[in-house]
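Novice: Turn these sequences into a full structure, and let the hints steer you where they fit.
Just so you know, the protein sequences line up as chains Y and S, in that order.
The letter at position 2 of the first sequence is residue 2 when you use my numbering, and the numbering goes up by one with no holes.
Count along the second sequence from 1, then add 115; that gives the number in my numbering.
Hint data in this document are derived by calculation from the structure and do not stem from the laboratory.
Quick partial rundown of chain Y residues pointing at chain S, CB under 7 angstroms, derived from the structure:
hint, residue
1, 32
2, 42
3, 43
4, 44
5, 46
6, 51
7, 105
8, 106
9, 107
10, 108
Pairs of lysine-lysine, BS3-like flavour, derived with a Cα cap of 27 angstroms:
hint, chain 1, residue 1, chain 2, residue 2
11, Y, 49, S, 217
12, Y, 22, Y, 114
13, S, 186, Y, 102
14, S, 211, Y, 102
15, S, 186, S, 211
16, S, 217, Y, 77
17, Y, 77, Y, 49
18, S, 211, Y, 49
19, S, 172, Y, 102
20, Y, 77, Y, 102
21, S, 172, Y, 49
22, Y, 22, S, 217
Distance ranges between label pairs, derived from CB positions:
hint, chain 1, residue 1, chain 2, residue 2, range
23, S, 229, Y, 115, 36 to 42 angstroms
24, Y, 26, S, 180, 26 to 32 angstroms
25, S, 127, Y, 52, 45 to 51 angstroms
26, Y, 62, S, 229, 40 to 46 angstroms
27, S, 225, Y, 71, 35 to 41 angstroms
28, Y, 30, S, 122, 36 to 42 angstroms
29, S, 195, Y, 15, 46 to 52 angstroms
30, Y, 72, S, 197, 34 to 40 angstroms
31, S, 127, Y, 26, 36 to 42 angstroms
32, Y, 71, S, 130, 43 to 49 angstroms
Glycine included, C-beta positions come from ideal geometry on N, C-alpha and C.
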Amino acid sequence: AQSVAQPEDQVNVAEGNPLTVKCTYSVSGNPYLFWYVQYPNRGLQFLLKYITGDNLVKGSYGFEAEFNKSQTSFHLKKPSALVSDSALYFCAVKEGSSNTGKLIFGQGTTLQVKP
Amino acid sequence: NAGVTQTPKFQVLKTGQSMTLQCAQDMNHNSMYWYRQDPGMGLRLIYYSASEGTTDKGEVPNGYNVSRLNKREFSLRLESAAPSQTSVYFCASSPKTGRGEKLFFGSGTQLSVL
Numbered sequence: 001a002q003s004v005a006q007p008e009d010q011v012n013v014a015e016g017n018p019l020t021v022k023c024t025y026s027v028s029g030n031p032y033l034f035w036y037v038q039y040p041n042r043g044l045q046f047l048l049k050y051i052t053g054d055n056l057v058k059g060s061y062g063f064e065a066e067f068n069k070s071q072t073s074f075h076l077k078k079p080s081a082l083v084s085d086s087a088l089y090f091c092a093v094k095e096g097s098s099n100t101g102k103l104i105f106g107q108g109t110t111l112q113v114k115p
Numbered sequence: 116n117a118g119v120t121q122t123p124k125f126q127v128l129k130t131g132q133s134m135t136l137q138c139a140q141d142m143n144h145n146s147m148y149w150y151r152q153d154p155g156m157g158l159r160l161i162y163y164s165a166s167e168g169t170t171d172k173g174e175v176p177n178g179y180n181v182s183r184l185n186k187r188e189f190s191l192r193l194e195s196a197a198p199s200q201t202s203v204y205f206c207a208s209s210p211k212t213g214r215g216e217k218l219f220f221g222s223g224t225q226l227s228v229l
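Specialist: Dropping the structure here:
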């Protein structure tokens with residue numbers, strides 16, 4: 001069965017510092033991995049995805065994520081955090097061989113960036 | 116651009132009442148989805164529709180029914196609401212149900228069942 005784990009309920013960083021939001025996954029085949037962000041009272045917005053190829057994926061708003069197959073991880077990173085990055089972040093996985101709509105989400109990590 | 120529109124934004128029901136959550140997208144997407152979001156549990160898929168005329172169960176379909184009325188609209192019905200269905204409901208769409216398709220989400224419906 002597919003699953004996603006985000007081990008931290010909340011991550012706190014100071015503005016200007018690098019940030020990392022962790023994600024590990026479990027699928028039976030090749031994974032398709034996604035990060036979404038949710039701002040208060042809004043729906044989720046797509047940030048980036050890994051399908052195949054380069055392990056470092058670049059996305060919106062200066063975010064990037066690194067795919068690590070041996071550690072089954074897909075951590076979200078940003079070199080310099082902004083206060084406006086404060087939001088709820090979701091990692092999601094889909095089995096690569098699946099053509100269904102079944103995207104499995106992690107429980108979410110709240111990112112708090114303090115001035 | 117409207118994108119994915121959900122109505123209503125807020126709803127309070129009594130146990131046993133029924134209601135339908137409406138969703139419409141104007142992006143000509145083939146696939147549509149209903150998720151529920153609960154604290155500490157992330158988003159869980161209730162039902163999805165890969166294309167007009169088809170629907171399939173997700174992780175948590177019990178207590179819900181769906182209708183893909185046409186390509187634009189995908190509704191979610193609670194026939195007899197229960198307190199366990201108190202949640203935030205999100206509708207989403209994607210161009211197709213491909214492997215790497217990203218989802219476009221509506222702004223959500225906050226439902227409370229008393």
